[in-house]
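Here is what each chain is made of, one letter per residue.
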Amino acid sequence: MKRTEPFEFYQPATLAEASRLLKENGPGGRFLAGGTDLVIAMKEKGLLPKYIVDLKRVPGLSGIRENSDGTITIGALTTMYAIETSPVIKKKYPFLAQSAAEVGSIQIRNRATIGGNMANATPSADVAPSLIALNATAKIASADDERSVALEEFFRGPGQNIMSADEILTEITIPRTGAQLVGEYIKFSPRDMMDLAYIGVAVAYNLGSDKKCQEVRIVLGAVAPTPIRAKNSEALLEGKVLTEELATKVGDEAAKESKPISDVRSSADYRRAMVGVMTKRAILNAAVGPAKSWLDRRDRRY
Amino acid sequence: MKKQVQFTLNGTRVNREVPNHRLLLDLLRDDIGVTGTKEGCGTGDCGACTVFLNGKPVNSCLVLSAELEGAEIVTIEGLKIGPELHPIQKAFIQDGGAQCGYCTPGMLMMSKALLDENQNPTEDEIRYALSGNLCRCTGYAKIIEAVQDAAAMLRNR
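Line by line, the protein sequences give chains C and E. With this note's numbering, the residue at position 145 of the first sequence is 145, and numbering never jumps. To convert a position in the second sequence, counted from 1, into this note's numbering, add 1000.
Take the hints with a grain of salt, since some may be wrong.
Covered, in the sense of this in silico footprint (three residues per stretch, anywhere, with C-beta under 8 Å from a C-beta of chain C), are these stretches of chain E [unchecked claim]:
id : segment
1  : 1041-1049
2  : 1058-1064
3  : 1121-1133
These are computed hints drawn from the structure, not numbers from a lab. Cβ atoms here follow ideal geometry from the backbone N, Cα and C, with glycine treated the same way.
Isolated chain E, as found in the complex:
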């Protein structure tokens, strides 16, 4: 009940045997030891475990590792650009877009997905894009501000 899979994780090739039932989230955190991605609800409601799978943001708590052959995965660890933090990360730091920080990796990944498509989002568009990401500290105002500032940084780059 195991499977050999080959995929890339943040640009690095990974080739390993995975139990069929291992969730991508657990594969990342427990087996590979890349722990930036968090588990919140475990049922696709909170977005804390958001990673990019083949270029699209998904809940890693609902992806089976056995599906990963040929996949391209990017986690929060893969967001920075070389040694530099990504403008989205800089904006979250600058604006206080993180309180306890637990939802932050998911918020950052989803913000990246939004800003990849739309570099000048309205507040409503930001709220729409982040609707699957819950912040238990309720720090939404600062998060939205951070996304707006990140958008400005990206536009002025």
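This is chain C alone, in the form it adopts within the complex:
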């Protein structure tokens, strides 16, 4: 395996300093979070950063916070394993914890961070569809500015996001959700572990005692240059009583809304067909309740 080439290495203690380093040193710099994408890109894909700015010495960027207004904030340097095992996340958004658990191995998830994963903007990122289904926002900071954007608007294409080089994703916030929120994330991949999603489907909606689905969000991963909402499919389910027949129709619509490519993992046609099937199952599984174990999570895809 190829080794990484020499580079300058900075460990700033504040966000402003981190941002300034990128601004002042110019092109060729990269922020480092967990390194599970960056170091692999340097070893495998010939990426040669001139300098690396490690964000892990900036205090306050990691951890999961339940705010008094019912929102939840996840610091950008929070690891996937911390999200997967967080009591708060598991209780309120079990499907988000599950989608974090779908990433790589435990070793990878102990390093990989949610901020790094979003900033890296891989179309197949497992956590992105679930977060978009939860209407999450991303806070972005630079030395002299700060802004919030809907995560849905954050991605621009494979490896591309809306941030400029000196901007840093600092946290993800999930707005207050209804007590009747249900959801499901299905990662579809022939391997149980250690593979990228062929497709990913996240579904979230409020399921009232009248059995009607409200505030439906259906988000697809790995079938377009960015994670995408399947808005026509959402509209089909909105306000309706869930039946298997309706779930099938919604799935068919989601397949039409997907824009997959053919690659080494799968043909576009197969991906499109599986979007239909997995969207239907995600909608139905969500109504049943969270998966009990990883085996349950795996088996109920089929």
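Starting from the known structure of chain C, fit chain E onto it as the hints suggest.
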């Protein structure tokens, strides 16, 4: 493009200058000469290079040495308890949990991570915990047996 870092390796303090780009795996094996940790894929897929970094199992092939200031690292060499092999090591020997042995250090470290949290894991939980550790000899059945026996040894201690 070098950095002075201080960290502990298996309980011993290390203070040395490291090239920024040196991977933890290479620092351990080539620079320090602690060679129990193995390189398999080099891209975080196989788990052969698993070490504990600040108490958590990670792929040392993806950690930059420049990040190590203040870190606490435990490798397979640090698994034994005094002069005694760790029960996980004893169980792997007893059950034939190693064939060619190349994945074994990573398997042992990951088993340790699992058993630290859960002293009575089911087979499914063991498979889940070891899903990032590949055995090219495909000796998984014996490995899982060894983890179960190690768990029993630890419970009866």
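Now for the hints, and whether the structure bears them out:
With 6 residues carrying a beta carbon less than 8 Å from a beta carbon of chain C, the segment 1041-1049 of chain E meets the three-residue requirement, and the given coverage holds. Counting residues of the segment 1058-1064 of chain E whose CB falls under 8 Å from any CB of chain C gives 6; the rule of at least 3 is met. Under the rule that three or more residues need a Cβ within less than 8 Å of chain C, the assignment of the segment 1121-1133 of chain E holds, with 6 such residues.
When held up to the earlier numbered hints, the structure conflicts with none and fits them all.
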